[in-house]
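**Student:** Single-letter residue listing:
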Amino acid sequence: MTAAQGGTGSDSLEKELTAFLTERTGTEPSAEQDLFSTGVISSMFALQLVVHLEDEYDIEIVGPELSMDNFRSVRAMSALVQRLQGAEDGSRAG
Amino acid sequence: MSDAPTLVKCLVWDLDNTLWQGTLLEDGEVVLPDAIRDTIVALDARGILQAVASKNDHDHAWERLTALGVAEYFVLPQIGWHAKSQSVKEIADQLNFAMKTIAFIDDQPAERAEVAYHHPEVRCYDAVQAAQLPSLPEFSPAVVTVDATRRRDMYQAGFRRTAERESFSGPDEEFLRSLELVMEIKPADDADISRVEELTLRTSQMNATGVYYSDADLRALLADPEHEVLTITLTDRFGPHGAVGVLLLGYHERVWHLKLLATSCRVVSFGAGSILLNWLIGEAAAAGVHLAADFRRTDRNRMMEVAYRFAGFTDDACDCLTGLPTAGTDPERAGIEFRHLVAGPRPVPTTMRVTAPTLGRATSTAEGALA
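Residue numbers (full-length UniProt numbering), protein chains in the order written: chain A, 1 to 94; chain B, 1 to 371.
Where hints are given, some of them may not hold.
Claimed, not checked - On the chain B side, residues computed to face chain A include the following (Cβ under 8 Å): (1) Arg-302; (2) Met-303; (3) Glu-305; (4) Val-306; (5) Arg-309; (6) Phe-310.
Stated by the list, open to error - Just a few of them, taken from the derived set where beta-carbon distance is under 7 Å, the chain A residues facing chain B: (7) Thr-27; (8) Pro-29; (9) Leu-47; (10) Ile-59; (11) Met-68; (12) Leu-84.
No lab work stands behind these hints: they were computed from the structure.
Heads up, the beta-carbon is just placed ideally off N, CA and C, and yes, glycines get one too.
Construct the entire structure; sequences and hints are all you get.
**Tutor:** Written as C-alpha cells, this is what we have:
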C-alpha cells in the first residue's frame, strides 16, 4: 500500500491527499484551503489523518511535528510528507 | 487508584441451549427460563449492553426473541452462519469497545475456544454460569447512573444516527449541522459526579493521562475554590447522548492546570473533544492566563496527543509552569508531562451550539479567600 518508494512528487502527493480527504469528509478541498477554520475536523478524523499519512508514506509524525500548521491544508501536508521522507532517506544514507 | 476493575461493557449471547433451552431448528419450540430472563433484565438495568451471536436463520431467531419478549434488550444481533469470532469482532467494532470489555457466553466449548483463539481478551463463560453472571464483579459496576439505565436506548438512537449518516450524501459538516447538536458545559454537582466517574472508568482512548479519578477524589474538589469540576452533556434531535465528558481544572494565578479531560468515544466523531478544548482555550484567553494540560502517553490515547498538538499545545517550557505540582512534590504524577499553550481567542463552532459558564476563580465561588 505504500506509494512512497523513492519519494513522491508534490503534484501526485497533493492529488492523493485531496482524494483521501474528499472520500472521508464528503467535500473536495482546494490545495490551499484551511481545513480547520470551520472546526469540522474532529479529533477522530485528525488521528485518522495522522495514521493515514504515516502508513501510506512510511513516515513517523511525532512531537512538535504534530502541529496543526503541518495539517492545515493539502499543500502543508504534502510539504510535511516530503520533508519527513527526505529526513529519513538522509539518515539511512548517513 | 490504577487497579480499577475492567467492567464488561457488552455481553454477547449464544441462543440455542444458552439463552433459551432447546435448538430452534431441531426442536421448533424453545423455552426461556426465568433465571435467564432475570439475568438479561438485571444486566440491562446496570447499563451493560447485550448482543447476540448465533448460528441460526436470522428472521426465524429474531421472531422467536420477539415472541419471548426480550428482543428489545439486544443490540447488533449477529445471527447467521459465520464464525462467532467474526460476530464478536463486528459487535466490538460497531460499538467501538475494546475486546477486553466484551464477554461471550455459549454452551459449546468449541465455540468459546474459537472466540478465545481469535480474541484472547474476550471473557468467555459457559452457559451453566448464566444465572450467576450478575453476581460477578466484572458485571457489577460500583454505581449505576442515570445514563447507565438508558444506555441501550442511547446506543439504539446512535445506530439510527449512523444509518442516517450513511444515507446522507452531502458533506459531513452539513450532516453534523442537521443533527442540531447542543453541548452543555456546567459545574458538576453531587448527582453528576457518579455519571462522570463512570466515564473516567469506561474511557481509555480519550483520557489524557490514563489516571483514574474516583468518585471521592472528584467530590472532594466540588467545593474547592482552587478547582473547577465541569461535566459535559450532549443532545441532538435523536435524543440525549448523556454525560459525554468531564474536565478538572486547577486555578493558578498565571495558568489554569488541566488535570483531567475525558470525553466519551461515542461523540468523538461529532468533534466534541475539539469543540470542548477550543471553548476552554477561549475562556483562558479571556481570563488572560496560559493553559497547562497533564499528558501521559498510554497505549490507547494517541488521539489525545493529536488533539492537544492540533489545538496548539506544545512541550515548550514556560515560567508559568513553575508553580504547578511535579512528580517531585506528588509521586502519583510520575510520567505526567505538561502540554502548554498561550491561549488566544478561538472561533465559534459552526456545527454545535454550546452553553457554558464563564470560568475563573472569582466567579466559581463566593468563598473567595485564597491561600
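**Student:** Each hint needs a verdict: does it hold in this structure or not?
**Tutor:** Now for the hints, and whether the structure bears them out:
no.: 1; hint: Arg-302; result: 6 Å, holds
no.: 2; hint: Met-303; result: 5 Å, holds
no.: 3; hint: Glu-305; result: 7 Å, holds
no.: 4; hint: Val-306; result: 5 Å, holds
no.: 5; hint: Arg-309; result: 4 Å, holds
no.: 6; hint: Phe-310; result: 4 Å, holds
no.: 7; hint: Thr-27; result: 4 Å, holds
no.: 8; hint: Pro-29; result: 10 Å, violated
no.: 9; hint: Leu-47; result: 5 Å, holds
no.: 10; hint: Ile-59; result: 15 Å, violated
no.: 11; hint: Met-68; result: 4 Å, holds
no.: 12; hint: Leu-84; result: 15 Å, violated
When each numbered hint is compared with the structure, violations occur for hints 8, 10, 12.
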